[in-house]
Amino acid sequence: MDWLNALNLTFGEFIGAYTAAYVLCALGLAVHFGFTGLLNFGQAAFAALGAYGYSIATLSFGWPWYSSVLFGLLCSAAFAVVLGIPTLRLRADYLAIVTIAAAQALKFAVSASIFENVTGGSNGLSQFGDSFYALNPIPKGRYDFGVFALSENELFIRIVAWSLIILIAVFLFFLTRSPWGRVLKGIREDEDAVRSLGKNVFSYKLQSMIVGGSIASLGGMVFVMSSQTNQPSNWGTNFTFMLWTILLLGGAATILGPIVGGMVFFGLLMFLQSVMEGLVNMGWLPFLDIAQVGQIRFLLVGVALMLLVIFRPQGIFGNKKELQFNG
Amino acid sequence: MSQLNIRAGRKAGVFLGVLAMLFAILSAGAPAKAADDPSTYAYTIAGTLLNNEKPLVGVNVTAQLDAFKASAKSDDSGAWTIMVPKAGIYNVSIDKSTLPAGVSFTKADGDKLQADLTQTDFAAVLFSFGKSTVVAENFGDQLIVRVWAGLNFGLLLAMAAIGISLIFGTTGLNNFAHGEMVTTGALFVWFFHIVVNLNILVSAVIAILLTTVFGWVQDAGLWKPLRKRRMGLNQMMIVSIGFSIVARYILLLFFGGDTKDIGGGGNIIKLGPIFTSDIALISLVICVLSLAGVALFLTRTRLGKATRAVSDNPSLAAATGIDVERIIRIVWIVASALTGLAGVLYGLQFQATWLTGFDILLLLFASVTLGGLGTALGATVGALIIGMIVEVSSLFIANELKYAAALVILIVILIVRPQGVLGKKQRIG
Amino acid sequence: MANQISIGEPAPGCKKVDPILVANKVTRVFGGLTAVDVEHMEIPRGLITALIGPNGAGKTTMFNLLTGFDKPNTGEWTFDGKNLANVSSYKVARMGMIRTFQLTKALSLLTVIDNMRLGDQKNPGEGFFQAFLRPVWKKHEAKITLKADELLKRFKLDAKREDYAAALSGGQRKLLEMARALMSDPKLVMLDEPMAGVNPALTQSLLEHIKGLKENGTTVLFVEHDMHMVRHISDWVIVMAEGKVVAEGPPADVMKNPAVIDAYLGAHANSDLGDIDINSAAKETN
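Protein chains in written order, with numbering that gives the first Met the number 0: chain U, 0 to 326; chain Y, 0 to 428; chain A, 0 to 285.
The hints are simulated quantities; they were obtained by calculation from the structure and are not laboratory data.
Glycine included, each C-beta is placed from N, C-alpha and C at the ideal position.
Keep in mind that a hint or two might mislead.
Unchecked claim - Restraint ranges, calculated between C-beta atoms of paired labels, are given here: (1) Ala-258(A) - Leu-315(Y): 27 to 37 Å; (2) Lys-137(A) - Ser-66(U): 30 to 40 Å; (3) Ile-273(Y) - Ser-232(U): 29 to 39 Å; (4) Thr-117(Y) - Gly-140(U): 45 to 55 Å; (5) Asp-94(Y) - Arg-296(U): 30 to 40 Å.
Same shape as in the complex, but just chain U (with noise of 0.2 Å):
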């Protein structure tokens, strides 16, 4: 078995570019849910509209890189506010059917063929990064890294996802620790008690959820931008559930913990997966094709998922005190 080329895939997952869109879309979920305590099952939704909202802008609008950008981050804050004002005075649970049943019900309509023209129906968009990738002053050709090699495109697809993380993290730690983020706090521990004290709780939580889904709409632009394809499928709830995992393993109220969640959740992945795919290649999971293989992948993720929260709610990087789940 080739070990070193595991470790190879391991390390390129670790700064992958979906890697990177999904840490985007998880620090938005640590907005809703890790500070605001807002269960959000939509996500997928806040990122399919960033994608859609660059691609339409690109291709039907023929907009520039930087007004399609805004587009997509305009479409997932209306979503929010049209999704927020009838549901975050719902109860908790509540909230969590409503709003995976919005993102169910967004990924049928752009799939729809009767919104085929803009939407591109179930082949959804593709090329449409040109304006994108034209500000890329990186010279043609490959860079090898010693573990991995990356064309100009890959690594700058990379270096603007990974710095658009790193903005994003710093906004978000002044962001926690101002007066506002404070209020979200008090709203995630007991949002009567906040209403109380003479807060709009509710204007508070449309201002989060406003927030975490611009972040979303920011990680579904890269993830769609690094193969330029944008389908419907890409945004089932498999997409928000592995965002989750993502959120938990590192921790739901901390900034770092999204980042390195994520990370350790695609090496990991990755590196299982090729272990496996070698171990089949060698004979030795005879019961086992390479096709099965990624499906363990996912059995893995549910299976991530219900022992972290039964056994480490708070995450690697959690404060154990910091964050329990009000139920």
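Dock chains Y and A against chain U, hints included.
Chains Y and A only, in chain U's frame:
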């Protein structure tokens, strides 16, 4: 949803062909040695080309993803298979020049379809030929047909939704793994009836029993210990999400990703303007009888009354000498038996995949939420409303948006009446 | 007995010389059961008023209605002359009417000092955009921290300043909740059973704090079902039973009122509860 579309297609008499090839693939899935040998590819796209039930022979089908491209010709039965190397969404197209003269596609761009291999290793691609034979009916007749279908679907949903509702009522758990019990019901009846070749009734009984055991073991092995740890309800809800993923992918590993046809849709029966099948009629009767049985159980038996007492107030129920854990165990058994039965009936009518239960899970939650969380009657009413919305809405909007319509209506109703249609008014948020 | 609080003789729903809160025809029905049916109620300004009554008398429901945490079926009320019916709870708090809860709502995973800072209502840093501009709120934050520290000292919680509120005892949480309510200098503090579940050693200091509020010019309305406490600190007592105001007046008079004894004291009618000393009562419950 796709299996529903397929069924609609069959009814219209246009076309059909599904292959259950997974076991062949599993046995053919030898370790990949030479990367370019197509016989070692792990993913399969397949289908059967039929025009008015007659096979189309020698037609060229091509699958393409990025740089990869592979073709196959349909055989004497119209069947074709393409092995592909990796996961992804493949564009599958037919070379029109190889079609026999006079054969055309139902839709203008019907020669280009997609195969989604992102989560499974097998995808069936169904090209449809010939004129669409959907006859223009008057609106009244169409409405009756849709209402009938809605009633049928709603009753099926109700059986599974009552399960969710009973469990929520007695334990407070929103169980996201409930859909998988629908799936086990459907897949087990397929396995025992089609693979083991047992009598359909025997298969159904075994499938329901196995699903009941699954529910019982699930409660005893997972939820009861978590209740003992006094885990928060939201936390348990997330555990149930994890558990549903685990259960779903285990089912995928064992049953494969292809669509299973069990009853073949049954024999068509005409009732006035309604075309229905014997299976649908029998299913309807079974649903009504089971729901009546649940209602009698809850209102007339000591056990049922105790169940409602636990739902109302567990600590008060415990104080009056009711063994709450025993009630919860019984509730799990009743709920999983009902849900397994719903799965069996669903599988017989609409075919089954590893995602069957997960696909309707949100409709189940929508039903329970609509009716008012935690009441069995509410779940039934909610399920009938959701079933109606799903089926009747397809008169006004595209068929592929009918689930979306139900979910949007759920959100709308929650704005107007957060406690649900029949729920007790309580302070929410 | 003459008093300077009510206009005319004390009677259920009587007018006050200087009311801060006036409620009219407030009803709340829960599934056919009338929880609150108050014809008229006035709370005198600058004094300590106790709202008493047996369990299920509708005291807490009345509290929830007055503070916007619940919506009445009918009725309206004014606070300081401003109409308050159908005003949402956070706006009620912003007008200077702060409540506490029967089941303490300390924000467990915030530190004690952060709990206190959250009580302030004028912090510009609580706006989203200002949150990034530290200079905008830095000064204010320092000012409220100073105020919070003073209050913590007064409530003897200064040693716990950096602890999570979850680490406090039940009584300390009650104190924290009260101290937090004072951060915004409210005109009216509404305490829902401030003594419930409090360790007897803390009861006395809690009572002193409530008296202290009055000395600072704050009006206090508190719910209690234990008469011992009431007699010693309140200037005025309103008795509720089955959702209605059945009696009101100065504590000594109310306790002699046959209607009260009948509706509320029940079996204990023979013992003059008003005379039992707080400390001995504390020992009894100990």
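Verification of the hints:
1. In this structure the hint that Ala-258(A) and Leu-315(Y) lie 27 to 37 Å apart at CB holds, the actual value being about 33 Å.
2. Remark: the range hint 30 to 40 Å for Lys-137(A) to Ser-66(U) is upheld by a beta-carbon distance near 36 Å.
3. In this structure the supplied range 29 to 39 Å holds for Ile-273(Y) paired with Ser-232(U), their Cβ-Cβ distance being about 35 Å.
4. In this structure the supplied range 45 to 55 Å is violated for Thr-117(Y) paired with Gly-140(U), their Cβ-Cβ distance being about 31 Å.
5. Checking the proposed 30 to 40 Å range against Asp-94(Y) and Arg-296(U) shows it holds: the Cβ atoms sit about 36 Å from each other.
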